[in-house]
Amino acid sequence: MKLKKLTELALLTALALIIFVIELHFPDILPIPGVKLGLANIITVYAIFQYQPSETAMLVACRVILGAICSGNMSALLYSASGAAMCLLGMIIISRFLNPEYLWLCSILGAIFHNIGQILAAMAVMQSMAVLSYLPVLILSGSIAGLFTGLCAQAVLKRMHRTEKNS
Amino acid sequence: MTESKKNKQVNVILLITVLVIVLCIIWTIVAFRKSAGQRVLIIQENQVIQEIDLASAENQEIKISSADGGYNLIQIQNHEICISEADCPDQTCVKTGILRSESLPIVCLPHKLIIRFAEEGETS
Numbered sequence: 001m002k003l004k005k006l007t008e009l010a011l012l013t014a015l016a017l018i019i020f021v022i023e024l025h026f027p028d029i030l031p032i033p034g035v036k037l038g039l040a041n042i043i044t045v046y047a048i049f050q051y052q053p054s055e056t057a058m059l060v061a062c063r064v065i066l067g068a069i070c071s072g073n074m075s076a077l078l079y080s081a082s083g084a085a086m087c088l089l090g091m092i093i094i095s096r097f098l099n100p101e102y103l104w105l106c107s108i109l110g111a112i113f114h115n116i117g118q119i120l121a122a123m124a125v126m127q128s129m130a131v132l133s134y135l136p137v138l139i140l141s142g143s144i145a146g147l148f149t150g151l152c153a154q155a156v157l158k159r160m161h162r163t164e165k166n167s
Numbered sequence: 001m002t003e004s005k006k007n008k009q010v011n012v013i014l015l016i017t018v019l020v021i022v023l024c025i026i027w028t029i030v031a032f033r034k035s036a037g038q039r040v041l042i043i044q045e046n047q048v049i050q051e052i053d054l055a056s057a058e059n060q061e062i063k064i065s066s067a068d069g070g071y072n073l074i075q076i077q078n079h080e081i082c083i084s085e086a087d088c089p090d091q092t093c094v095k096t097g098i099l100r101s102e103s104l105p106i107v108c109l110p111h112k113l114i115i116r117f118a119e120e121g122e123t124s
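Each protein sequence line maps, in turn, to chains X and L.
Numbered by the working numbering, the letters in the first sequence go through residues 1 to 167 in order.
Numbered by the working numbering, the letters in the second sequence go through residues 1 to 124 in order.
Okay, chain X solo, but in the shape it has when bound:
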């Protein structure tokens, strides 16, 4: 891996982690487990369209593990890891069919995949179908959050391209 790329990825990981830690201090929006803004995913969606899938996977893996350590909530690691893995897989596949103008759509679908992954992990841990009823609520809130993070990432991508052209 080129040094420049390694530095860029490290910077993005640090950024994602900072966003994640700041978001931890936000009050809960809804009293339902798993409902979050997921602002750190701005970085993930951006990386999907800017880097190779393997590079994005490394970024997300670092962010999830470091995020769990920073939040001190290790029991949540399983849910966020499975959610992140599903989200990553889904977005990598979908991004092949979409132009960067439709990044927001990719982000919404990524959020939906994330929620499905979370619920699957919860079903495995609890060995119960009861948590499945949270899925529609999670998908609805996730879609709204996904649209927001997607639009943010799209704005970042546009500006980065402009900066690259100028320099």
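Note that these hints are calculated values from the structure, not bench results.
If you're wondering where the values come from, they're calculated on a predicted model, not measured in any experiment.
Some hints here could point you the wrong way.
[As the list claims (entries may be wrong)] Straight-line alpha carbon distances no greater than 25 Å define the calculated PhoX-like cross-link-like pairs of lysine-lysine that follow:
hint, chain 1, residue 1, chain 2, residue 2
1, X, K5, X, K158
2, L, K8, X, K158
3, X, K158, L, K6
[Said to hold, decoys possible] Calculated from the model, a selection of chain L residues having no Cβ within reach of chain X, i.e. all distances over 12 Å:
hint, residue
4, V20
5, K34
6, R39
7, N46
8, E51
9, L54
10, A57
11, E58
12, I62
13, K63
14, I64
15, L73
16, N78
17, H79
18, D90
Ideal placement from N, C-alpha and C gives every residue a C-beta, glycine not left out.
Position chain L against the provided structure of chain X, taking the given hints into account.
Only chain L this time, still in chain X's reference frame:
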């Protein structure tokens, strides 16, 4: 991949997304209806540990200990059930409040605890 082909794919993906979201809206509306049931099950690690009939239950507090040494304090008041106190890190079960809907149970993920209405014909 050609541009026109990509545009067609965008429409398909957009359609699927909208469909999923609409389905979820309908599902959520159905899920948030108030339950007519009165029998409530307290489930821990996939085993029913207590069954309560809210219609005849007196006001009380039940303390449930979990395998990792934590606890959840379940409160029954005026024929309504909620978790009033817990030492789990996320406190989501406490914030969920009173159990209202058949399909939206009170869940404490760290302690693997579920409180939900019993389905018809279901016994412990």
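Here's how the hints hold up against the structure:
Distance hint between K5(X) and K158(X) is fulfilled; the C-alpha atoms sit about 19 Å from each other, no more than 25 Å. For the given pair, K8(L) sits about 23 Å from K158(X) by alpha-carbon distance, which is consistent with the 25 Å threshold. Of the supplied pair hints, the one linking K158(X) and K6(L) holds, its CA atoms being roughly 20 Å apart against a limit of 25 Å. Not every CB of chain X is more than 12 Å from the CB of V20(L) (nearest about 6 Å), against its label as outside the interface.
The Cβ of K34(L) lies farther than 12 Å from every Cβ of chain X, with a closest approach of about 14 Å, so its non-interface assignment holds. Every CB of chain X is more than 12 Å from the CB of R39(L) (nearest about 15 Å), matching its label as outside the interface. The claim that N46(L) lies off the interface is violated: its Cβ sits roughly 4 Å from the closest Cβ of chain X, which falls inside the 12 Å cut-off. The Cβ of E51(L) sits about 15 Å from the closest Cβ of chain X, beyond the 12 Å cut-off, so the non-interface label holds.
Non-interface status of L54(L) relative to chain X is upheld: no Cβ of that chain comes within 12 Å, the nearest being about 18 Å off. No Cβ of chain X comes within 12 Å of the Cβ of A57(L); the nearest lies about 21 Å off, and the non-interface call holds. For E58(L), the condition that its CB be more than 12 Å from all CB atoms of chain X holds, with the nearest at approximately 26 Å. At roughly 19 Å from the closest C-beta of chain X, the C-beta of I62(L) stays outside 12 Å, upholding its exclusion from the interface.
With 12 Å as the threshold on Cβ separation, the claim that K63(L) sits away from chain X holds: the shortest Cβ distance comes to roughly 21 Å. Chain X leaves I64(L) outside its interface by the beta-carbon criterion, the shortest separation being 15 Å against a cut-off of 12 Å. Distance check for L73(L) against chain X: the nearest CB is about 17 Å away, which clears 12 Å, and the non-interface claim stands. With a least beta-carbon separation of about 20 Å from chain X, N78(L) lies farther than 12 Å from that chain, consistent with its non-interface assignment.
For H79(L), the requirement that its beta carbon stay farther than 12 Å from each beta carbon of chain X is met, with the minimum near 21 Å. D90(L), annotated as away from the interface, has a beta carbon of chain X within 12 Å; the closest lies near 7 Å.
Consistency note: the structure conflicts with the earlier hints numbered 4, 7, 18.
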